[in-house]
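There are 2 protein chains.
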Amino acid sequence: MNYPSGIKKQRKKQNITKYNNRGMGLEEEINSVNNFYIEKNIAIIYKKPTPIHIVKIDYKTKKNPIIREAFFEQPSTTDYNGIYKGFYLDFDVKETNNLSKFPLSNILKHQIDHLYKIWKNGGIAFMIIRFKVNFDTYMITIEQLLNYIKKSEVKYIPKTFFDNNCHKISYNYINKLDYIQIIDKFLEEKNEKKEH
Amino acid sequence: MNYPSGIKKQRKKQNITKYNNRGMGLEEEINSVNNFYIEKNIAIIYKKPTPIHIVKIDYKTKKNPIIREAFFEQPSTTDYNGIYKGFYLDFDVKETNNLSKFPLSNILKHQIDHLYKIWKNGGIAFMIIRFKVNFDTYMITIEQLLNYIKKSEVKYIPKTFFDNNCHKISYNYINKLDYIQIIDKFLEEKNEKKEH
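Top line first, the protein sequences correspond to chains A and B. Numbered according to this note's numbering, the first sequence terminates at residue 196, and the numbering increases by one at each position without gaps. Numbered according to this note's numbering, the second sequence terminates at residue 196, and the numbering increases by one at each position without gaps.
Accuracy of the hints is not assured; some may be wrong.
Pairs involving identical chains hold if they fit within one copy or between any two copies, as the list cannot separate such chains.
Said to hold, decoys possible - With a straight-line Cα cutoff of 30 Å, these simulated DSSO-like cross-link-like pairs (lysine-lysine) come out:
no., residue 1, residue 2
1, Lys85, Lys62
2, Lys155, Lys85
3, Lys60, Lys101
4, Lys63, Lys109
5, Lys193, Lys60
6, Lys63, Lys176
7, Lys194, Lys63
8, Lys56, Lys194
9, Lys47, Lys62
10, Lys159, Lys60
11, Lys94, Lys63
12, Lys194, Lys132
13, Lys60, Lys120
14, Lys94, Lys60
FYI, nobody ran anything at the bench for these hints, they're computed from the structure. Note that this is a predicted model, so its numbers are computed, not measured.
Make a model of the complete structure from these sequences and hints.
Set out below in C-alpha cells:
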C-alpha cells in the first residue's frame with residue numbers, strides 16, 4: 001500500500017530468509033516426519049488442531065461459513081498423539097534458545113498432568129526437547145521428567161542431564177528427525193528391565 | 001436491547017427447552033462420559049478440536065490475539081482418540097433420523113481410511129452409531145463395517161444388522177452412555193478367539 005506498509009513488508013521478508021537459513025522449526029520437522037510415517041504405514045501420529053473459542057460466525061454462504069471473531073484456547077492436553085506398533089504415544093515438543101539448560105518454565109502444569117495420566121494408563125508419554133543452538137534434540141519420558149523435578153532444587157534441566165540420561169534423536173530417511181527409532185530403543189530397554 | 005432483539009431471544013429460549021426435552025445429542029453424551037472416565041481415571045479420551053484455516057488475525061492486544069477471518073477445515077482423521085487399559089482407541093460418532101436403516105453416505109471416505117490404518121496398526125477402531133428415534137446406540141468395528149460394505153449391494157446398513165451383529169451401548173453411572181463397557185466385551189471376545 002503506502003510507504004510505511006512497504007517498510008513493514010520488507011522486514012517480514014528478511015525474517016523469512018533468516019528462518020530458512022536456520023532450517024525448519026522443531027514442530028515443522030515433527031509434522032514432516034509424521035507425514036512420512038503415515039505414508040510408509042510406520043506409525044499414525046497427528047498434531048491436534050489448536051482449540052479455538054468461536055464468538056461470531058457469518059453464515060452468509062451456507063456451505064462455507066466464515067468465522068468472524070474467535071480466540072485461541074489453552075489446549076487441555078498435549079500437541080501430539082497416535083499409535084505405533086499398537087502402543088499409544090502422547091507427547092509435546094519444546095525448543096529453547098538457551099545454550100546449556102532447559103528452563104522448566106517452558107513446560108506447563110496441565111501438560112505434565114496429562115502425560116502422567118497417559119503413562120499411568122499404559123501409554124508412552126514423553127517430551128521432545130531441542131537446544132536450538134546446535135539442534136541437539138532429546139526424548140525425555142514423563143517418568144524421567146517427574147523424577148528430575150522431584151529431586152532438583154533448580155528450575156531448569158542442564159543439557160548434561162539430557163546427554164547422560166536421555167536418548168538423542170538423530171536424522172534418518174533423507175533428513176527426517178526419526179524419533180520413532182528412539183521409541184524402539186525405549187521399548188527394548190523396557191523389555192530388558194522386565195526380563196531381569 | 002430493543003424490541004426485535006427481544007423476540008429473537010425468546011425464540012432461542014424455546015429451542016433450548018425443546019432440546020432439553022429431547023436429551024443431549026450423541027456427541028455431548030460422549031463428551032460427558034469422557035469427562036467422567038478422565039475424572040475416575042478409567043480412560044483418557046478426548047474429542048479433537050475442529051481444524052480451522054485462519055486467514056486474518058488481529059494482534060492489537062498482544063496477549064490475546066483475535067481471529068477475524070477463518071474457515072472450518074475437513075478433519076483428516078476422526079473426532080475421538082485416546083487410551084484405555086493401554087489400548088489405543090479411535091472412533092467417530094454418527095446419528096441418523098432414519099427409523100430402520102443407517103445410510104452409508106453419513107460416513108466419509110477419509111474416516112474409513114483412517115480407521116482402517118488404526119486397526120492395522122493394532123488400535124481399536126470403531127464407530128458409535130445412534131438411531132435418534134429410540135436412542136438405540138451401537139458400536140461397530142471398522143472390521144465389521146468394511147466386511148459389510150464389501151458384501152452389501154445397498155447403500156445403507158439395516159438396523160437389524162446392528163441388532164444381530166453389534167454391541168448395543170447402555171447407560172450406566174447415573175445416566176452416562178458407558179461405551180467403555182462395550183470395549184471390555186470386545187476385548188474379551190478377542191481373547192476368546194485367540195484361545196480357540
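Each hint, compared with the structure:
In the homo-oligomer, the alpha carbons of Lys85 and Lys62 never lie at most 30 Å apart, since the shortest distance is 42 Å inside one protomer and 42 Å across protomers. Taking the shortest Cα distances, Lys155 and Lys85 never come within 30 Å of each other, neither inside one copy (35 Å) nor across copies (34 Å). In the homo-oligomer, the alpha carbons of Lys60 and Lys101 never lie at most 30 Å apart, since the shortest distance is 52 Å inside one protomer and 33 Å across protomers. Taking the closest pair of Cα atoms, Lys63 and Lys109 come within 30 Å of each other only across two copies (19 Å); inside a single copy the shortest separation is 40 Å, beyond that limit.
When the C-alpha separation of Lys193 and Lys60 is checked against a cutoff of 30 Å, the pair qualifies neither within a copy, at 61 Å, nor between copies, at 54 Å. For the homomeric pair Lys63 and Lys176, neither the shortest alpha-carbon distance inside one copy (38 Å) nor that between copies (34 Å) is at most 30 Å. For the homomeric pair Lys194 and Lys63, neither the shortest alpha-carbon distance inside one copy (55 Å) nor that between copies (48 Å) is at most 30 Å. Taking CA atoms no more than 30 Å apart as the test, Lys56 paired with Lys194 passes in neither setting, with 54 Å inside one copy and 53 Å between copies.
Proximity of Lys47 to Lys62 under the C-alpha cut-off of 30 Å is found in both arrangements, the shortest distances being 29 Å within a copy and 25 Å between copies. Within a single copy, Lys159 and Lys60 get their C-alpha atoms no closer than 54 Å, and across copies no closer than 37 Å, so neither meets the 30 Å cut-off. Within a single copy, Lys94 and Lys63 get their C-alpha atoms only as close as 38 Å, which misses the 30 Å cut-off; across copies the closest is 20 Å, which meets it. In the homo-oligomer, the alpha carbons of Lys194 and Lys132 never lie at most 30 Å apart, since the shortest distance is 36 Å inside one protomer and 49 Å across protomers.
Proximity of Lys60 and Lys120 under a CA criterion of 30 Å is satisfied in neither setting, with 48 Å inside one chain copy and 42 Å between copies. In this assembly of identical chains, the alpha carbons of Lys94 and Lys60 lie at most 30 Å apart only when taken from different copies (27 Å versus 40 Å within one copy).
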